[in-house]
Amino acid sequence: MKNHILKFLAACIILSVGFSTQSCKPKDAGSAVSGDAAQKVYVAPGKKDEFYNFVSGGFNGQMAVYGIPSGRLLRIIPVFSVFPENGYGYSEETKPMLNTSHGMVPWDDLHHIALSQTKGEHDGRWAFANGNNTPRIAKVDLKTFRTTEIIELPNSGGNHSSPFITENTEYVVAGTRFSVPVGENLDVPISSFKQNFKGYLSFVSVSKEGQMDIAFQIKTPGVSYDLSHAGKGKSADWFFFSCYNTEQAHTLLEVNASQKDKDFIMAVNWKKAEEYLKQGKGKKMKARYAHNVYDEKTHSATSTMKEEVMTLDPKDCPDMLYFMPCPKSPHGCDTDPTGEYIVGSGKLAAVVPVFSFTKMLKAIADKAYDGNFDGIPVLKYDAVLHGEVQKPGLGPLHTEFDGKGNAYTSFFVSPEIVKWDLATLKVLDRVPTYYSVGHLSIPGGSSVKPHGKYMIAYNKITKDRYLPTGPELAQSAQMYDISGDKMKLLLDFPTVGEPHYAEAIPANLVAPNSVKIYKIEENQHPYVSKGEAQTKVERKGNQVHVYMTCIRSHFTPDNIEGVKLGDEVYFHLTNLEQDWDVPHGFAVRGSANAEILVMPGETQTLKWKPDAVGVIPIYCTDFCSALHQEMQGYVRVSPAGSNVALRWGTGDKAPKDASIGLK
Amino acid sequence: MKRFSLIILLFSVLAWGISCGNDGAAERKKDEPFDLAKVEEQPEVHGTEIKEVKLTNPLDKTMITSGKGIYDLKCGACHKLTDEKLVGPGWKGVSKRRQPVWIMNMITNVDMMLEKDPEAQKLLEQCLVRMPNQNISEKEARDIVEFMRQNDGEK
Numbered sequence: 011m012k013n014h015i016l017k018f019l020a021a022c023i024i025l026s027v028g029f030s031t032q033s034c035k036p037k038d039a040g041s042a043v044s045g046d047a048a049q050k051v052y053v054a055p056g057k058k059d060e061f062y063n064f065v066s067g068g069f070n071g072q073m074a075v076y077g078i079p080s081g082r083l084l085r086i087i088p089v090f091s092v093f094p095e096n097g098y099g100y101s102e103e104t105k106p107m108l109n110t111s112h113g114m115v116p117w118d119d120l121h122h123i124a125l126s127q128t129k130g131e132h133d134g135r136w137a138f139a140n141g142n143n144t145p146r147i148a149k150v151d152l153k154t155f156r157t158t159e160i161i162e163l164p165n166s167g168g169n170h171s172s173p174f175i176t177e178n179t180e181y182v183v184a185g186t187r188f189s190v191p192v193g194e195n196l197d198v199p200i201s202s203f204k205q206n207f208k209g210y211l212s213f214v215s216v217s218k219e220g221q222m223d224i225a226f227q228i229k230t231p232g233v234s235y236d237l238s239h240a241g242k243g244k245s246a247d248w249f250f251f252s253c254y255n256t257e258q259a260h261t262l263l264e265v266n267a268s269q270k271d272k273d274f275i276m277a278v279n280w281k282k283a284e285e286y287l288k289q290g291k292g293k294k295m296k297a298r299y300a301h302n303v304y305d306e307k308t309h310s311a312t313s314t315m316k317e318e319v320m321t322l323d324p325k326d327c328p329d330m331l332y333f334m335p336c337p338k339s340p341h342g343c344d345t346d347p348t349g350e351y352i353v354g355s356g357k358l359a360a361v362v363p364v365f366s367f368t369k370m371l372k373a374i375a376d377k378a379y380d381g382n383f384d385g386i387p388v389l390k391y392d393a394v395l396h397g398e399v400q401k402p403g404l405g406p407l408h409t410e411f412d413g414k415g416n417a418y419t420s421f422f423v424s425p426e427i428v429k430w431d432l433a434t435l436k437v438l439d440r441v442p443t444y445y446s447v448g449h450l451s452i453p454g455g456s457s458v459k460p461h462g463k464y465m466i467a468y469n470k471i472t473k474d475r476y477l478p479t480g481p482e483l484a485q486s487a488q489m490y491d492i493s494g495d496k497m498k499l500l501l502d503f504p505t506v507g508e509p510h511y512a513e514a515i516p517a518n519l520v521a522p523n524s525v526k527i528y529k530i531e532e533n534q535h536p537y538v539s540k541g542e543a544q545t546k547v548e549r550k551g552n553q554v555h556v557y558m559t560c561i562r563s564h565f566t567p568d569n570i571e572g573v574k575l576g577d578e579v580y581f582h583l584t585n586l587e588q589d590w591d592v593p594h595g596f597a598v599r600g601s602a603n604a605e606i607l608v609m610p611g612e613t614q615t616l617k618w619k620p621d622a623v624g625v626i627p628i629y630c631t632d633f634c635s636a637l638h639q640e641m642q643g644y645v646r647v648s649p650a651g652s653n654v655a656l657r658w659g660t661g662d663k664a665p666k667d668a669s670i671g672l673k
Numbered sequence: 171m172k173r174f175s176l177i178i179l180l181f182s183v184l185a186w187g188i189s190c191g192n193d194g195a196a197e198r199k200k201d202e203p204f205d206l207a208k209v210e211e212q213p214e215v216h217g218t219e220i221k222e223v224k225l226t227n228p229l230d231k232t233m234i235t236s237g238k239g240i241y242d243l244k245c246g247a248c249h250k251l252t253d254e255k256l257v258g259p260g261w262k263g264v265s266k267r268r269q270p271v272w273i274m275n276m277i278t279n280v281d282m283m284l285e286k287d288p289e290a291q292k293l294l295e296q297c298l299v300r301m302p303n304q305n306i307s308e309k310e311a312r313d314i315v316e317f318m319r320q321n322d323g324e325k
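Order-wise, the sequence lines are chains A and B. Everything in the first sequence is counted per my numbering, starting at 11 for the first residue and increasing by one. Everything in the second sequence is counted per my numbering, starting at 171 for the first residue and increasing by one.
Just to be clear, a hint being listed does not mean it is correct.
Reference excerpt, derived from the structure (chain A facing chain B, CB under 7 Å, subset only) [unchecked claim]:
#1 Asn-206
#2 Glu-542
#3 Ile-561
With a straight-line Cα cutoff of 20 Å, these simulated SDA-like cross-link-like pairs (lysine to any residue) come out [said to hold, decoys possible]:
#4 A:Lys-529 - B:Ile-306
#5 B:Lys-238 - A:Gln-544
#6 A:Lys-540 - B:Thr-235
#7 A:Lys-526 - B:Arg-300
#8 A:Lys-293 - A:Asp-223
#9 B:Lys-262 - A:Ala-543
#10 B:Lys-255 - A:Arg-599
#11 A:Lys-546 - B:Lys-250
#12 A:Lys-496 - A:Arg-440
#13 A:Lys-663 - B:Lys-255
#14 B:Lys-309 - B:Pro-228
#15 B:Lys-309 - A:Glu-531
#16 A:Lys-663 - B:Gly-258
#17 A:Lys-540 - B:Lys-238
#18 B:Lys-255 - A:Ser-635
#19 A:Lys-540 - B:Asp-230
#20 A:Lys-540 - B:Lys-262
#21 A:Lys-357 - A:Leu-262
#22 B:Lys-309 - A:Glu-532
#23 B:Lys-231 - B:Gln-320
#24 A:Lys-529 - B:Tyr-241
Covered by chain B, according to a simulated footprint, are these stretches of chain A (three or more residues, beta-carbon under 8 Å) [stated by the list, open to error]:
#25 171 to 177
#26 579 to 591
No wet-lab data here; the hints were simulated from the structure. Here the structure is a predicted model, which is why all the values come from computation and not from measurement. Every residue gets a Cβ at the ideal spot worked out from N, C-alpha and C, and that includes glycine.
Excised from the complex, chain B in its bound form:
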C-alpha cells in the first residue's frame, strides 16, 4: 500500500512537471491572483518627490503658526528645537544645514530618501529608528520649513 502511494506520488509529480513545468509564467497568467493596482491608487501622502521649493522673505506668519502646530502634534516627540538629539536630531540649524527640498522630501517621502540619499542613510545609522511617515502633505511640510527657519532666527 505504502509503495503504491509512493508510485502514485512519483507519477503525479512527474505528470505535473510535464504538463506545467515548461512555462510556469505563461501558465500562471490565467489564474493570476487579484491585481491590487486599485488599492495602490489609494491616496497616500507619501510617494511624490518634491523637486523644487521657493523660499521667500520676510517669513510668512500663517505658515509659521501652522508649522508649529504640526511640530507639536507630530514631530516634537522626537525632535527638540535645540541642537540636542532626542530620537532624531535637534532642529537648531537644520534650515542652514539642509536644502529645503531635502527637508521636505525627508518629511513626506522618507522611504525614498532612506533608499537613495546618502545623508539620510547616515542619519539612520546614527539614530537607528526610521523616521516615521507622519502623513504630512507637501503644503504642511513647507509650513514646517517656515517654522524651522524662524527657529533658526530668520526674519
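Next comes chain A alone, as it looks inside the complex:
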C-alpha cells in the first residue's frame, strides 16, 4: 500500500514537472527532478519530520514553522502582527505585546530568524526575529512556540540587519537600514543627510533566562546596513555588517546608491565595545522605546516604556570599528563555520569576494589602511581578501554552508544556486531555481555545526509553479538534496507570507521540550477561576468582570444578566482542561475583538462593549467534543440605568426567576 502511495506521489511530481516544461523559461525544469525525489520527501501519515524549519513570513509579520523534508506547515507563530487564529493582539493579555512608542502597531514586516546558540551550535531554546518597519526584535520561546518578548529599537530607521546572534547568544544585533537624524534636532532638511544623518547599530543583550535589554548602541556614519553575521570560533568576538549607500544618497537610491565600485563590510569588535563600556566611555542618551514581556505564569504581557539608552561613539573608542571594501552594494554577509571566511555578496558585483579573518587581523596590525570613512579606518581590499569567486552568476545575495568546506550562494538574477569550494573558490555545481531565489537555509547552516542533508531556497516569484489563484499567488520554497556532489531538486512547497531568511534545526533539539499544557495549579492570572466554585460576575463602575471557566462542553457561567448598555464586559475565561490539544474558543456576537482561543490551564480575556439591548449569544469556537455544538450560552444586555441585577450561573445555578426586569 505504501508503495502505491509513493508511486502516486512520484507520478504527481513527474506529471507536474512534465506540464510545466511547456511554460517556464529555464530550460531544464523537466529533468530537474529525479525519480526518487518523492520518496526522499515523503513522510508517511503518523511519521514525523526530521527538522523544524523556522521561516520568516516577510510582510505578514509572522513566523511559520515547516517540517523538513515534507514541507508540511506545522504552525504559524504570530510575532509582529495580530493573528485571528488564536487571538494574539486581540485578547487583553496579548495586546501589550504589540505596543510601541507609537502605540499599538498591528502589522509589521518580519524578515530574518536567528535561533539561539550555545558554543556556536543551535540549542533549541529560542528563535529571534526582526521587525523591519517599526524597528523591533522579538523572541519566540521554543517550548511553547509563542512570542514572549519584544523590544523596540530607538535611533533606528528600520531594522533589516537583524537579529543575528553571537555564539553564546550574548547579543542579538540590529543595524539600521535607514540612517536618520538622531538627537535633539530632528527637524532638518532631508538634503542635509551627510551632516545630520547617522546609522545606529544596537547590541541587545540576552540573559541566561532570555530577558532582552539594549546593552549599547554604536553611533556610526550615515549609511544603510543591510545584513550581518557574527564571527565564529576564532572570530567570535567580531560582528560583520554589510553596508550599502556609502554614497550617502537620500533620493533615487536605485541609481544614486549604486555609483561606487565598492561599498563596505563593517567589522565590529564587540568585546572591545564591552571594554569601553566598562571604562565608562558610554553615554546615556534620551530615547523612548517599548519593552514588552509575556509572563507564562500570569498568562499576560506587560509593556514598559523605557526612557534612555547607552551609546558608544567610535570617536571615543578606537580599534572598535573597521571597514572592509566590498564590491558592490553588498547584501548577504555570511561567515563560514570555521569563522575564517566572510562572504560578501555584492548585488551588482561580477564576483563574490571572500574575506579572510586572519588577513583582516594582520591588516589591522599592519595598519594597512586605504584612508578612512568618516573617521573609521578603511582596510585595503587586497590586504583582507582571501579571493574572489569568478563568474559565479548574476545578482549574488546569500550564502549558506554545509560544514564540508562548501558554500552555497543564491543568485537572484540568474536565478540559480551555485555551490563552490571555500578554499579554492572553484565553482563545483549550479542548479536553477523557480524563480528569483532570495535566502537559503541549510539545517544548522549559519552555525558552527551545519547538519547538511537539505538546502531550502526561498523564492520571490512563483508564477507558473502552482495552480493560479488570481493576481496573488502562493509564496514558495524549494528544497534540494545536498548530500551528494550534485544538488538535486526534491520539492516545491508553498509558504505563507513572503519567506526571507529561515533557519532549520533537528527536531530532537526542540520536540522533547515542547509544552503540552499549562498547569492550572500554576496559573497566576489575576482573574483566574481555579474551578467552577470560583466563577462569578463582578461590577466595578461600568466594568463587568466575568470570571468564567470552560471544560468539555460547557461554560460557567453560561447565563449572565445585569449587563447594561455603556458597560465594558471583560470575559476572563479559564480553560480547566489539563489534556494536550484541548483548547476552547470563545466568541461573542458583534464583539469588535470577536474571539479568543484558550489553551488548557490558561486564562485569556475578551473585552466586549455591548452596543444594543438584547440577549446576546456566546459559544465555543474550537470543536472540543461530541457536544461541542451545545457549548453555548447567553448574555442579557439591558438599557443603561436598568434595575436588572447581576445574576449568573450554569445549569441549576442559572438565574431562574422569569419576571425580573420585565415591563
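With chain A fixed as given, assemble chain B onto it according to the hints.
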C-alpha cells in the same frame, strides 16, 4: 511535446518501480524520519496502570482535604457530589459501586480504560464525552478516592 512528457512519465515511474518497488521497507530504513522515541519519554501522568490499592480506616483527613481541593479545581465542573448526572455521573455511591483501583485508573489512565474496560465503555456511551485527562498523579487520585469515601459517609 505532450506525448514526449507522457513517455518520460511512464518511463520514470517504471524505472522507479524497478529500482525501489521490491523492498520498500528496507529502502525506507536509511531515510527513516526522525524517531520521536525521546519525545514519548517526556514525563506525563498518563500511562501506568494501577494494579493494587490499599484502603485504610479511619479515613485520612489530609488526604480528604487534598482530594476535595483537586475536586474543586479539576472535577467539579462535570461531577456533582449527589447522584445526579451532570456531564459525567454524580459521585454519590461511587466508592461503593466501583473498586478503588478502577476509579484511580479511570482518573489517571482514561485512554486505557476506554479501550479495554467494558464498564468504562458503557459510561462513554451514556455520557458521550470522553473523560478528560486532567493531569492527576497516582497519589492525587488516591486522595480523590479518600474524598469520595468521605462523601459516601465512610468514617
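Hint check:
For Asn-206 (chain A), the suggested interface contact is broken, since its CB lies about 54 Å from the closest CB of chain B, more than 7 Å. Given hint, Glu-542 (chain A) at the interface with chain B, holds; its Cβ is 5 Å from that chain's nearest Cβ, closer than 7 Å. At about 4 Å, the closest approach between the beta carbon of Ile-561 (chain A) and any beta carbon in chain B falls short of 7 Å, and the interface hint on this residue holds. Pair hint Lys-529 (chain A) plus Ile-306 (chain B) holds up; C-alpha atoms about 11 Å apart against a cutoff of 20 Å.
Among the hinted pairs, Lys-238 (chain B) with Gln-544 (chain A) is consistent with the structure: their alpha-carbon atoms are about 14 Å apart, no more than 20 Å. Straight-line distance between C-alpha atoms of Lys-540 (chain A) and Thr-235 (chain B) comes to about 16 Å, which keeps the hinted pair within the 20 Å bound. A hinted pair counts as satisfied when its Cα atoms are at most 20 Å apart, and Lys-526 (chain A) with Arg-300 (chain B) qualifies at roughly 19 Å. Under the criterion of a C-alpha separation no larger than 20 Å, the hint pairing Lys-293 (chain A) with Asp-223 (chain A) is consistent with the structure, at around 16 Å.
For the proposed pair Lys-262 (chain B) and Ala-543 (chain A), the alpha carbon gap of about 19 Å is at most 20 Å, so the pair holds. A C-alpha spacing of about 31 Å is found between Lys-255 (chain B) and Arg-599 (chain A), which places the hinted pair above 20 Å, so the restraint is violated. Using a Cα cut-off of 20 Å, the hinted pair Lys-546 (chain A) and Lys-250 (chain B) holds, with the two alpha carbons roughly 19 Å apart. Proximity of Lys-496 (chain A) to Arg-440 (chain A) is assessed by CA-CA distance (about 8 Å); at most 20 Å being required, the pair is judged to hold.
For the hint linking Lys-663 (chain A) to Lys-255 (chain B), the alpha-carbon distance of about 15 Å falls within 20 Å, and the restraint holds. The suggested pairing of Lys-309 (chain B) with Pro-228 (chain B) holds, with an alpha-carbon distance near 18 Å, which does not exceed 20 Å. A hinted pair counts as satisfied when its Cα atoms are at most 20 Å apart, and Lys-309 (chain B) with Glu-531 (chain A) qualifies at roughly 16 Å. For the given pair, Lys-663 (chain A) sits about 17 Å from Gly-258 (chain B) by alpha-carbon distance, which is consistent with the 20 Å threshold.
Simply put, Lys-540 (chain A) and Lys-238 (chain B) have alpha-carbon atoms about 13 Å apart, close enough for the 20 Å limit, and the pair holds. A hinted pair counts as satisfied when its Cα atoms are at most 20 Å apart, and Lys-255 (chain B) with Ser-635 (chain A) qualifies at roughly 18 Å. Straight-line distance between C-alpha atoms of Lys-540 (chain A) and Asp-230 (chain B) comes to about 24 Å, which puts the hinted pair past the 20 Å bound. Straight-line distance between C-alpha atoms of Lys-540 (chain A) and Lys-262 (chain B) comes to about 23 Å, which puts the hinted pair past the 20 Å bound.
Only pairs whose Cα atoms come within 20 Å are accepted, and Lys-357 (chain A) paired with Leu-262 (chain A) is accepted, the gap being roughly 17 Å. This hinted pair checks out: Lys-309 (chain B) and Glu-532 (chain A) have alpha carbons roughly 18 Å apart, not beyond 20 Å. At roughly 9 Å between alpha-carbon atoms, Lys-231 (chain B) and Gln-320 (chain B) fall within 20 Å of each other, so this suggested pair holds. In summary, the hint linking Lys-529 (chain A) to Tyr-241 (chain B) is supported, as the alpha carbons are separated by about 15 Å, within the 20 Å threshold.
Figure legend: the segment 171 to 177 of chain A, annotated as covered by chain B; annotation inconsistent (0 residues with Cβ-Cβ distances under 8 Å, at least 3 required). Only residues whose beta carbon comes within less than 8 Å of a beta carbon in chain B count, and the segment 579 to 591 of chain A has 5; three or more means the coverage holds.
In this structure, the hints that do not hold are numbers 1, 10, 19, 20 and 25, in rising order.
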